[in-house]
Amino acid sequence: GIQVEQSPPDLILQEGANSTLRCNFSDSVNNLQWFHQNPWGQLINLFYIPSGTKQNGRLSATTVATERYSLLYISSSQTTDSGVYFCAVDTDYNQGGKLIFGQGTELSVKP
Amino acid sequence: GAVVSQHPSWVICKSGTSVKIECRSLDFQATTMFWYRQFPKQSLMLMATSNEGSKATYEQGVEKDKFLINHASLTLSTLTVTSAHPEDSSFYICSAQWGEQFFGPGTRLTVL
Chain S
1 GIQVEQSPPD LILQEGANST LRCNFSDSVN NLQWFHQNPW GQLINLFYIP
51 SGTKQNGRLS ATTVATERYS LLYISSSQTT DSGVYFCAVD TDYNQGGKLI
101 FGQGTELSVK P
Chain B
112 GAVVSQHPSW VICKSGTSVK IECRSLDFQA TTMFWYRQFP KQSLMLMATS
162 NEGSKATYEQ GVEKDKFLIN HASLTLSTLT VTSAHPEDSS FYICSAQWGE
212 QFFGPGTRLT VL
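Just so you know, the protein sequences line up as chains S and B, in that order.
Under my numbering, the residue at position 37 of the first sequence is numbered 37, and the numbers go up by one with no gaps.
Add 111 to a position in the second sequence, counting from 1, and you land on the number used in my numbering.
Just chain B, same shape as in the assembly:
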């Protein structure tokens, strides 16, 4: 149990385009999901907390207009990177809260 999926697992896009990443809890319902970002050889940095049916809470320094988060149901949260630039290239990981946090496999974004 407690499986979290992410789609896509990797994506390459051109600068200026938008990319949507989906995070799903497959066998449990999650009121709260989280989005993290990880650069090579670094730790995970929390970007935002996503609560079902309400607006996301963003960490300091994270642009809410650039990283749009929607938590439309108890099993799905989406992160949209708008007008992507090369500096947005990173590994994006979501997690879902069910007692403890369970993590998705991550999405590797490369912006050309």
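This is chain S alone, in the form it adopts within the complex:
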């Protein structure tokens, strides 16, 4: 099956710093989503981005499907950005598809 690898596994930042999280996948995908899991376990949808670039406030994401990777950029980080960031890919080319998750990047933003 498809492999999804995220890097780095852990990241510690000072408030205000910028960061880039990477997600590599081993096969063609139908869709790709980025999530932030907060300390209470809730997954928050960040981006639905099978290809191209999207921006939402301080966050942006780029997926280069032909090269099988996606990047999540966090600018001017805040302590509330702390948590685990997951990318997940959907390889089902039929109606809807199950998501395969990477192992996540645990981000800690220090004040």
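Any given hint might turn out to be false.
In silico lysine-lysine, DSSO-like type, Cα no more than 27 Å apart, as pairs [claimed, not checked]:
1. B:K125 x S:K98
2. B:K177 x S:K54
3. B:K166 x B:K131
4. S:K54 x S:K98
5. B:K152 x S:K110
6. S:K98 x B:K175
7. B:K131 x B:K175
8. B:K166 x B:K152
9. S:K98 x B:K166
10. B:K166 x B:K177
11. B:K175 x B:K152
12. B:K177 x B:K131
13. S:K98 x B:K152
14. B:K125 x B:K177
15. B:K177 x B:K152
16. B:K125 x B:K175
17. B:K125 x B:K152
The hints are simulated quantities; they were obtained by calculation from the structure and are not laboratory data.
Predicted model only: the values in this text are computed from it and were never measured.
Since chain S is already given, all that's left is putting chain B on it; use the hints.
Here is chain B on its own, set in the frame of chain S:
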């Protein structure tokens, strides 16, 4: 929009009992819902795909007789953990498909 709820948010039960977890899409209809399991400091692992009006599709290694899934309507899927044991203690998360997947807040199950 695209809100998914789960109930209960946490449950403690005795070994051997059964526990039912509900997953509801509050403001959209979902033909397909998914159930995941997450152990501490680990990623989410898909357990099964739940399709409204049909039998669930279980991932390899997931016991279908232990984890009963029912998707009775376009807004409700339930997961029943039967004859729970301490090793079933985990964080269970559902999601509902509406274009992309939207996740519920999770249910923390502790089996004593």
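Checked hints:
Distance hint between K125 of chain B and K98 of chain S is unfulfilled; the C-alpha atoms sit about 32 Å from each other, more than 27 Å. Between the alpha carbons of K177 of chain B and K54 of chain S the distance comes to roughly 41 Å, so the proposed pair goes past 27 Å and is violated. Taking the CA atoms of K166 of chain B and K131 of chain B, the gap is near 17 Å; set against the 27 Å cutoff, the hint holds. Using a Cα cut-off of 27 Å, the hinted pair K54 of chain S and K98 of chain S holds, with the two alpha carbons roughly 23 Å apart.
Straight-line distance between C-alpha atoms of K152 of chain B and K110 of chain S comes to about 20 Å, which keeps the hinted pair within the 27 Å bound. A hinted pair counts as satisfied when its Cα atoms are at most 27 Å apart, and K98 of chain S with K175 of chain B qualifies at roughly 17 Å. For the hint pairing K131 of chain B with K175 of chain B, the CA-to-CA distance comes to about 14 Å; that is within 27 Å, so the pair holds. This hinted pair does not check out: K166 of chain B and K152 of chain B have alpha carbons roughly 31 Å apart, beyond 27 Å.
Taking the CA atoms of K98 of chain S and K166 of chain B, the gap is about 16 Å. The hint holds against a cut of 27 Å. A C-alpha spacing of about 15 Å is found between K166 of chain B and K177 of chain B, which places the hinted pair at or below 27 Å, so the restraint holds. Under the criterion of a C-alpha separation no larger than 27 Å, the hint pairing K175 of chain B with K152 of chain B is consistent with the structure, at around 25 Å. This hinted pair checks out: K177 of chain B and K131 of chain B have alpha carbons roughly 12 Å apart, not beyond 27 Å.
Distance check on the hinted pair: K98 of chain S and K152 of chain B sit about 21 Å apart at the alpha-carbon level, within 27 Å; holds. Taking the CA atoms of K125 of chain B and K177 of chain B, the gap is about 16 Å. The hint holds against a cut of 27 Å. A hinted pair counts as satisfied when its Cα atoms are at most 27 Å apart, and K177 of chain B with K152 of chain B qualifies at roughly 24 Å. With a C-alpha separation of about 21 Å, the suggested pairing of K125 of chain B with K175 of chain B holds against the 27 Å cut-off.
Between K125 of chain B and K152 of chain B the alpha-carbon distance is near 25 Å, which keeps this suggested pair within the 27 Å criterion.
Hints 1, 2 and 8 from the earlier list are contradicted by this structure; the remaining hints agree with it.
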